[in-house]
Amino acid sequence: VIKVAQDDLKKPVRERYIHGYATTATGGQVIFTASAILLDRIHHAKTIFVDTTFKRSAGPLKEWEVAIYDNELQRALTIARVYSDRADRVQYKTIFDELQRVTLLITGRRLLLKRLSKGGTLLSIGVDLELSQALGAGDSFLPTNEPEYSGIHAETAEELLGYFIRACYTHAIRWSREPCPGVEDLKSHVPEDEFKRLRGFLYLKTKEKVDEFTQWVKSLNNPKVQAWWDHKLVNTWILPALIKCLSKITPEDWDMTASSTNVGESQHHYTNIHTGIQLSLLEAILKARELDEATALQVVQSTNSGVLKDSRGDTATRMRRSSARKTHAHKKASETRRKRKAQDAVDEELEQLQSAKQEAAKRIRVLKDEKARLSGRKGGPSKAESNSSGKVAATSRKRTAKASTNGGVEPQVSASVPKFKPSLSHAPILSTATHAMQSMLEPNPSSFASQQDVSMSTSPTAPQTSPLYPSAPSMEDTSLSDITLQANLYPQSQALPLYPQPPPSSSMMSATPLVSSTASLPPAPLGMETVLPAVPAAQWGSNSSAAACFPASDILYSSTASTFYTDPTFFFEGEMATSASAYGSPQPDVQCYSNDVLDNFLLRTQNQL
1 VIKVAQDDLK KPVRERYIHG YATTATGGQV IFTASAILLD RIHHAKTIFV
51 DTTFKRSAGP LKEWEVAIYD NELQRALTIA RVYSDRADRV QYKTIFDELQ
101 RVTLLITGRR LLLKRLSKGG TLLSIGVDLE LSQALGAGDS FLPTNEPEYS
151 GIHAETAEEL LGYFIRACYT HAIRWSREPC PGVEDLKSHV PEDEFKRLRG
201 FLYLKTKEKV DEFTQWVKSL NNPKVQAWWD HKLVNTWILP ALIKCLSKIT
251 PEDWDMTASS TNVGESQHHY TNIHTGIQLS LLEAILKARE LDEATALQVV
301 QSTNSGVLKD SRGDTATRMR RSSARKTHAH KKASETRRKR KAQDAVDEEL
351 EQLQSAKQEA AKRIRVLKDE KARLSGRKGG PSKAESNSSG KVAATSRKRT
401 AKASTNGGVE PQVSASVPKF KPSLSHAPIL STATHAMQSM LEPNPSSFAS
451 QQDVSMSTSP TAPQTSPLYP SAPSMEDTSL SDITLQANLY PQSQALPLYP
501 QPPPSSSMMS ATPLVSSTAS LPPAPLGMET VLPAVPAAQW GSNSSAAACF
551 PASDILYSST ASTFYTDPTF FFEGEMATSA SAYGSPQPDV QCYSNDVLDN
601 FLLRTQNQL
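Numbering follows the UniProt record's numbering, with no gaps: position 302 of the sequence shown is 302.
For the record, the hints were derived by calculation from the structure and aren't laboratory data.
Where a beta carbon is used, it is the ideal one built from N, C-alpha and C, also for glycine.
Keep in mind that a hint or two might mislead.
Claimed, not checked - Derived DSS-like pairs (lysine-lysine); straight-line CA-CA distance at most 25 Å:
no., residue 1, residue 2
1, K46, K248
2, K46, K118
3, K3, K248
4, K341, K371
To be verified - With beta-carbon atoms standing in for the labels, derived distance ranges:
no., residue 1, residue 2, range
5, D185, K11, 22 to 30 Å
6, E208, E158, 17 to 25 Å
7, P223, K244, 23 to 31 Å
Given these sequences and hints, build the entire structure.
Next comes the structure, spelled out in structure tokens:
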């Protein structure tokens, strides 16, 4: 590299590419390269963009590019390349000093800032948030300040930077390099609303708003956020380089300069694709020289002919295309957010439905278990209930008659109906049923309603009264068919003894006389026999007309089936029972049985008697 530099230095100034190499006070190395034709364009630029790229050179010396956007040529240009092995403040001061020296050497004009020096054309220097680079620029341009012209009496670089440094918005938002992280690094440390406000600090309109923002950050009590903001407060040049209301650049000049270093970043990519990356220092310099000389030739041709390399690179076209890109990006982002929101809503609804499905499945299992518990069954379908035509009841009557004519032979009952198994424990119940049926043959005349104008002479002769039931006849010479026949002799409109309220317990039936009152029974369905007076189902609160209600262990009357019940543990063993609450009954001790159960009960009663 030194050999190539020595050869170049022997050439005329405008034919040189390597214009100098130097060693800084801290031991750093600097090699300055530029095409004279390209460097001439620096005086046509409003802003220069400076930044270091690390991909092209594989050695310790990395490339530092100086890029501009040339409005006349309507294109971006890299006008100088400096190779440096350090990134401290002294190193950057040397680099900017070399830039000023070589610019004056090649163009014959000093590189001056409009805000600092008379005759200056440069409005700003675009940088990222690297501290040493900005401070090195301030140190280099501080001597160019003309207080008589600028009115600026700055003694340090920090005081001067606010007049010409523009920091990149993109780096302020996205940069993740310490000690100056971007706002994006805070996203995971704050809520969404706080993050949005932090991200908007670049657009604060007044000094008062900035002070208010500072107090708000302090109120968050978030060490991560506080450290991020303190970094900008301590380095006093950063906020003026980012926020228009704090900058000392005139508002007009601020609006004419770029808010990002995209031009410089794009030139990094342009150079890399034309020269390659990870090159040795000499190869990196020579390949860059070929590219810069080819670009210089295009500049000369465009200047001489007026034919631009890209006719769409004018300010108006670039603005229009930039607006179109931003609009498209905004639409795409909005569509993405809309789809994500819709997908989240679908996922939430699916989760709710799945949860409801699981709850429903659990509820179904609970109800099935409750149903099985109430029915006393292990499983299997329930028997068909009697329909309105009385088909099941008629079948029951035929079975009863057949059993009577067969001389007491037990009829064949469906396998689904469990057979009665008598035991000593059933004796009291059998006795109770016998006395109950006896009482129906000759009811006590005193218990009949006086409101019914029916002559008792039509009734059979009343038998002797038993101790338990006042009108109970003897069952010794009476068969079940006789009982049924005699029961049918009573007119349906005749009043029979009824319980005015549910009986207290089954023990009453074996210990106390039957308490009776008068009430009318509805007509029994065709083919059914009235065997025992008991409480109508409606009197127990049942809303069902298809099933009968009675309290467990007590004998009651069914107003629909017109037959009688007794203790369900004996006569209805294994049959399907349904809780009275399912039929609207408020009585907790009432159970409901369907008419097919009554048919089976009648057969069993006949066989047992």
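Results for each hint:
1. The hinted pair formed by K46 and K248 meets the criterion: a straight-line CA distance of about 16 Å does not exceed 25 Å.
2. Our distance criterion of 25 Å between C-alpha atoms is met by K46 and K118, whose separation comes to about 15 Å.
3. About 45 Å separates the Cα atoms of K3 and K248, which puts this hinted pair outside 25 Å; it is violated.
4. Taking the CA atoms of K341 and K371, the gap is near 45 Å; set against the 25 Å cutoff, the hint is violated.
5. D185 and K11 have their C-beta atoms about 49 Å apart, which leaves the hinted 22 to 30 Å range violated.
6. For the hinted restraint 17 to 25 Å between E208 and E158, the CB-CB distance of approximately 23 Å keeps it satisfied.
7. Look at P223 against K244: about 29 Å separates their beta carbons, and that is inside 23 to 31 Å.
Of the numbered hints listed earlier, those contradicted by the structure are 3, 4, 5.
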